[in-house]
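Trainee: Produce the entire structure from the sequences given, and follow the hints as far as they go.
So you can see what is in the structure, the chains are spelled out below.
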Amino acid sequence: MRERLNTRYYTIILGLGILILVLVGYFFYDTAVQEQVDFIAADAPIPLEDIENRIENGVHVQTGLLDGEGLNLVIAHCTACHSAQLVTQNRADRDGWKKMIVWMQETQNLWDLGTQEETILDYLAKNYAPEEVGSGNFRRAPLKDIEWYELEK
Amino acid sequence: MANPWCFFWFVSKKPIIWQPWNTQIDFQNMNTFDPSDRRNFIKKASLGSFAALLGTDIVFALPKGYLPVALENDPQKLFGKHKDLIVRNNLPWNVEPPAHLLDDKITPADKMFIRNNGLVPENIDVAKWILTIKGEAIDQEKTYTLEELKTKFPRHTYHLVLECGGNGRSEFYPPTEGNQWELGAVSCAEWTGVRLKDILADVGIKSNAVYVGFHAADLHLSRDANKEAISRGIPIDKAREDETLVAFQMNGKDIPLVHGHPLRLIASGFPASVSGKWLTALSVRDRVHDGEKMAPPSYSIPCDPVEAGAEVANENMCIIEKMPVKSLITYPKSGAMIKENATLGIRGHAWTGESRITKTEYSIDFGATWKPCQLERGKNKYAWQGFEAKVDFPKKGYYEVWVKATDDSGMSQPMLTPGWNPKGYLNNACHRIAIKVT
Numbered sequence: 125m126r127e128r129l130n131t132r133y134y135t136i137i138l139g140l141g142i143l144i145l146v147l148v149g150y151f152f153y154d155t156a157v158q159e160q161v162d163f164i165a166a167d168a169p170i171p172l173e174d175i176e177n178r179i180e181n182g183v184h185v186q187t188g189l190l191d192g193e194g195l196n197l198v199i200a201h202c203t204a205c206h207s208a209q210l211v212t213q214n215r216a217d218r219d220g221w222k223k224m225i226v227w228m229q230e231t232q233n234l235w236d237l238g239t240q241e242e243t244i245l246d247y248l249a250k251n252y253a254p255e256e257v258g259s260g261n262f263r264r265a266p267l268k269d270i271e272w273y274e275l276e277k
Numbered sequence: 131m132a133n134p135w136c137f138f139w140f141v142s143k144k145p146i147i148w149q150p151w152n153t154q155i156d157f158q159n160m161n162t163f164d165p166s167d168r169r170n171f172i173k174k175a176s177l178g179s180f181a182a183l184l185g186t187d188i189v190f191a192l193p194k195g196y197l198p199v200a201l202e203n204d205p206q207k208l209f210g211k212h213k214d215l216i217v218r219n220n221l222p223w224n225v226e227p228p229a230h231l232l233d234d235k236i237t238p239a240d241k242m243f244i245r246n247n248g249l250v251p252e253n254i255d256v257a258k259w260i261l262t263i264k265g266e267a268i269d270q271e272k273t274y275t276l277e278e279l280k281t282k283f284p285r286h287t288y289h290l291v292l293e294c295g296g297n298g299r300s301e302f303y304p305p306t307e308g309n310q311w312e313l314g315a316v317s318c319a320e321w322t323g324v325r326l327k328d329i330l331a332d333v334g335i336k337s338n339a340v341y342v343g344f345h346a347a348d349l350h351l352s353r354d355a356n357k358e359a360i361s362r363g364i365p366i367d368k369a370r371e372d373e374t375l376v377a378f379q380m381n382g383k384d385i386p387l388v389h390g391h392p393l394r395l396i397a398s399g400f401p402a403s404v405s406g407k408w409l410t411a412l413s414v415r416d417r418v419h420d421g422e423k424m425a426p427p428s429y430s431i432p433c434d435p436v437e438a439g440a441e442v443a444n445e446n447m448c449i450i451e452k453m454p455v456k457s458l459i460t461y462p463k464s465g466a467m468i469k470e471n472a473t474l475g476i477r478g479h480a481w482t483g484e485s486r487i488t489k490t491e492y493s494i495d496f497g498a499t500w501k502p503c504q505l506e507r508g509k510n511k512y513a514w515q516g517f518e519a520k521v522d523f524p525k526k527g528y529y530e531v532w533v534k535a536t537d538d539s540g541m542s543q544p545m546l547t548p549g550w551n552p553k554g555y556l557n558n559a560c561h562r563i564a565i566k567v568t
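Line by line, the protein sequences give chains Y and L. Per the working numbering, the first sequence starts with residue 125, numbered consecutively. Per the working numbering, the second sequence starts with residue 131, numbered consecutively.
Warning: the hint list may mix true and false statements.
[As the list claims (entries may be wrong)] Once the Cα atoms are required to be at most 25 Å apart in a straight line, the calculated SDA-like pairs of lysine to any residue come out as:
| hint | chain 1 | residue 1 | chain 2 | residue 2 |
| --- | --- | --- | --- | --- |
| 1 | L | LYS368 | L | PRO304 |
| 2 | Y | LYS222 | L | VAL436 |
| 3 | L | LYS357 | L | ASN381 |
| 4 | Y | LYS250 | L | GLU301 |
| 5 | L | LYS327 | L | LEU231 |
| 6 | Y | LYS222 | L | ASN446 |
| 7 | Y | LYS223 | L | GLU484 |
| 8 | Y | LYS223 | L | LYS423 |
| 9 | Y | LYS250 | L | ALA438 |
| 10 | L | LYS423 | Y | TRP235 |
| 11 | L | LYS207 | Y | VAL185 |
| 12 | L | LYS511 | L | ASP354 |
| 13 | Y | LYS223 | L | CYS433 |
| 14 | L | LYS423 | Y | ASN233 |
| 15 | Y | LYS223 | L | ARG477 |
| 16 | L | LYS452 | L | VAL340 |
| 17 | Y | LYS223 | L | PRO427 |
| 18 | L | LYS213 | Y | GLN186 |
| 19 | L | LYS423 | L | PRO548 |
| 20 | Y | LYS222 | L | CYS433 |
| 21 | Y | LYS222 | L | LYS327 |
| 22 | L | LYS357 | Y | VAL226 |
| 23 | Y | LYS223 | L | PRO304 |
| 24 | Y | LYS223 | L | GLU312 |
| 25 | L | LYS235 | L | VAL436 |
| 26 | L | LYS463 | L | PRO432 |
| 27 | Y | LYS222 | L | ALA267 |
| 28 | L | LYS423 | Y | GLU230 |
| 29 | L | LYS423 | Y | ASP236 |
| 30 | L | LYS357 | Y | ALA200 |
| 31 | L | LYS207 | Y | GLY188 |
| 32 | L | LYS357 | Y | ILE225 |
| 33 | Y | LYS223 | L | MET424 |
| 34 | Y | LYS222 | L | CYS448 |
| 35 | L | LYS423 | Y | ALA216 |
| 36 | L | LYS207 | Y | HIS206 |
| 37 | L | LYS520 | L | TRP500 |
| 38 | L | LYS357 | Y | GLY188 |
For the record, the hints were derived by calculation from the structure and aren't laboratory data. Given the structure is predicted, the values throughout are model-derived calculations rather than measurements.
Mentor: Structure representation (C-alpha cells):
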C-alpha cells in the first residue's frame, strides 16, 4: 500500500520536474525570440511605475494631452504605438478623427476600440477640434457657400 | 524576460502578438514591449477601474505595466541635434529646424530634420549588412555586402535636397492630419554612394520593370516584426537618373544612425519618403510598388484639384512624384529690427524637383513689386541654389520680406497656401520674414 503511494508520489514529482524543465527551457526560448525585436532606447517605453498623474492648468503634464473625460483612454490606446504629440499637434472634427482611427485600424495594426471608441472620439472632437475660421490660423479663408452653375456658352 | 504562462502560447501556437497573458511580461526589458499587451489590458479593465490607470493603484493592478512616453525627449542628447530644433513627435521621432538654422550651403547633420515612420533600428552590424535586389522584374535575386557596393561600383557625390512631402502642412486649412511641419523639413547635404542604375545594370533587369521599391530595417510602430514601417518606391526612370544613389556617406562621413546608417536610398526631387533609410533590399517591380505607405492617402494628392475640406476617394488620389518650386529665407531670422536707412542683406536657398531655378525675387510690399536676387547655379541637379539680395526700406515701420523662386519653365510659387489636399502635402507658398525698421 505504502509502496504504491510512494510510486504515485514519484510519478507526480517526476511530472512536476519535467514541467519545470520545459518551462525553464521555454524561458530561454522566449527570451531569444523576443530579443529579435530591437529598437533604440530613444524609442522605448517607460515603466508604468514612472507615470505621473499630474494635471497642471488643465494639461496632463507627462503627455501634454488636455484634461477631460476620456483622457485615460486616449493615453492608454493611442500612445501604445505613437507619442501623444501626434494627437496634440492635430486638429479635426469627429468625422476626421474617426477617419484617422479607421486608417490606423486598416493599415497600422490598431485594434478594435470597442465601446470605448465613442468616449475617445468625444474627447478628441471636443479637445482637438479645428480652430474657427478667422482665428488667424491660415492666410486667407477658403471660399465658402459657393453656388455652382454652368456657364452658358 | 518570459513568464511561465507563455508556455501555453507555445503549445497553442498562436501568434505571439496576441498573447492575452502578456500583461505579466516584465516591461523593464524593453525588447519585450508589444502594444497589443495594452489592448488586452484595456479590454479587461472596466471604465471605472480604468480611471485609476494613471494613479498609483495601477501599480498593483498591473504589476509590470508601462507607458511608452520616451525615456529621453531630447534629440540634442540622443542624436547630436542642435538645441533649437523643434520636436514634432518623439514616437516616432519627427524633428525640424527653424528656417534660420538652414543657412548653411550644405546642411550639417545637427541641423537636419528627422522624419521617421517607425522605430530606429539598433544593433546595426555593418560587416554583415546585406543589400538584396529582388522583385518580379529581375531574373536572379542578387545580394551585395556594403564592402562590395563600395568597391564594385564607381562612387558619386552630389549635393541633394531631401524635403518631406508634408513640409509646410501646418498652414493648410481645414487642418490636415500628420506631423504639423512648418518650414524646416528640408535639407541639402552632400551624399556619397553608388548609382542605383549601376547596381540595376549589374543585376540585370527585365524590360517589364516599372518601379523600384525599398525595404528597410526600421521596425513598425506596433512592433509587429512582420509589418514594414515604410516601403515606398520610385518609377524606373527615376531609378535610372544619375543623381539617384544608394548612399553610404553624408557630408563625407558615415551616415548618422538616425538618417539611415549604414545605407540608404537617395532619390532627390521626389518626397523624401522615397529615400528609404536603413536600406536592406530593393524590389524591382513589374507594377507600381505596393509597399507600406504607397497606398493613398499616404503621399498622395487628389488627381484633380478639390475644394478645401473635400472628401476624396482613394481611387481619385495620385502618388506624388516631383516636388514643387520652393525657396526659404535663412538669413536673417524673422523678427529682425534694423535702423532706418540701413541696408539689410538677405539670403537663402531655392530648389525644385523638376528642373532648375532660374530666378529668385524679393518683395517688401506684399507682392506689389518684386526685385531680383542674385542666384547661384547650384553644384548639380537637385542641389539647392543660394540666393542673396541687399534690401533697402523706404521709411520706418513694419515690413515683411517675401521671396519667390521661378524655374526655367516659368513655374513659380504661390503667395497663398496652394491647393488644399486631404493630407496637406506640397505647400510651397512663398516664405516671408518680419522686419521692423526703427
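Trainee: Hints first: check each against the structure and report whether it holds.
Mentor: Evaluation of the provided hints:
| no. | hint | result |
| --- | --- | --- |
| 1 | L:LYS368 x L:PRO304 | violated (33 Å) |
| 2 | Y:LYS222 x L:VAL436 | holds (21 Å) |
| 3 | L:LYS357 x L:ASN381 | violated (32 Å) |
| 4 | Y:LYS250 x L:GLU301 | holds (22 Å) |
| 5 | L:LYS327 x L:LEU231 | violated (34 Å) |
| 6 | Y:LYS222 x L:ASN446 | holds (21 Å) |
| 7 | Y:LYS223 x L:GLU484 | violated (33 Å) |
| 8 | Y:LYS223 x L:LYS423 | holds (16 Å) |
| 9 | Y:LYS250 x L:ALA438 | holds (22 Å) |
| 10 | L:LYS423 x Y:TRP235 | holds (19 Å) |
| 11 | L:LYS207 x Y:VAL185 | holds (22 Å) |
| 12 | L:LYS511 x L:ASP354 | violated (39 Å) |
| 13 | Y:LYS223 x L:CYS433 | holds (20 Å) |
| 14 | L:LYS423 x Y:ASN233 | holds (14 Å) |
| 15 | Y:LYS223 x L:ARG477 | violated (42 Å) |
| 16 | L:LYS452 x L:VAL340 | holds (17 Å) |
| 17 | Y:LYS223 x L:PRO427 | holds (11 Å) |
| 18 | L:LYS213 x Y:GLN186 | holds (21 Å) |
| 19 | L:LYS423 x L:PRO548 | holds (23 Å) |
| 20 | Y:LYS222 x L:CYS433 | holds (24 Å) |
| 21 | Y:LYS222 x L:LYS327 | violated (43 Å) |
| 22 | L:LYS357 x Y:VAL226 | holds (18 Å) |
| 23 | Y:LYS223 x L:PRO304 | holds (15 Å) |
| 24 | Y:LYS223 x L:GLU312 | holds (24 Å) |
| 25 | L:LYS235 x L:VAL436 | violated (37 Å) |
| 26 | L:LYS463 x L:PRO432 | violated (35 Å) |
| 27 | Y:LYS222 x L:ALA267 | violated (39 Å) |
| 28 | L:LYS423 x Y:GLU230 | holds (12 Å) |
| 29 | L:LYS423 x Y:ASP236 | holds (21 Å) |
| 30 | L:LYS357 x Y:ALA200 | holds (22 Å) |
| 31 | L:LYS207 x Y:GLY188 | holds (21 Å) |
| 32 | L:LYS357 x Y:ILE225 | holds (18 Å) |
| 33 | Y:LYS223 x L:MET424 | holds (18 Å) |
| 34 | Y:LYS222 x L:CYS448 | holds (23 Å) |
| 35 | L:LYS423 x Y:ALA216 | holds (21 Å) |
| 36 | L:LYS207 x Y:HIS206 | holds (21 Å) |
| 37 | L:LYS520 x L:TRP500 | holds (13 Å) |
| 38 | L:LYS357 x Y:GLY188 | violated (29 Å) |
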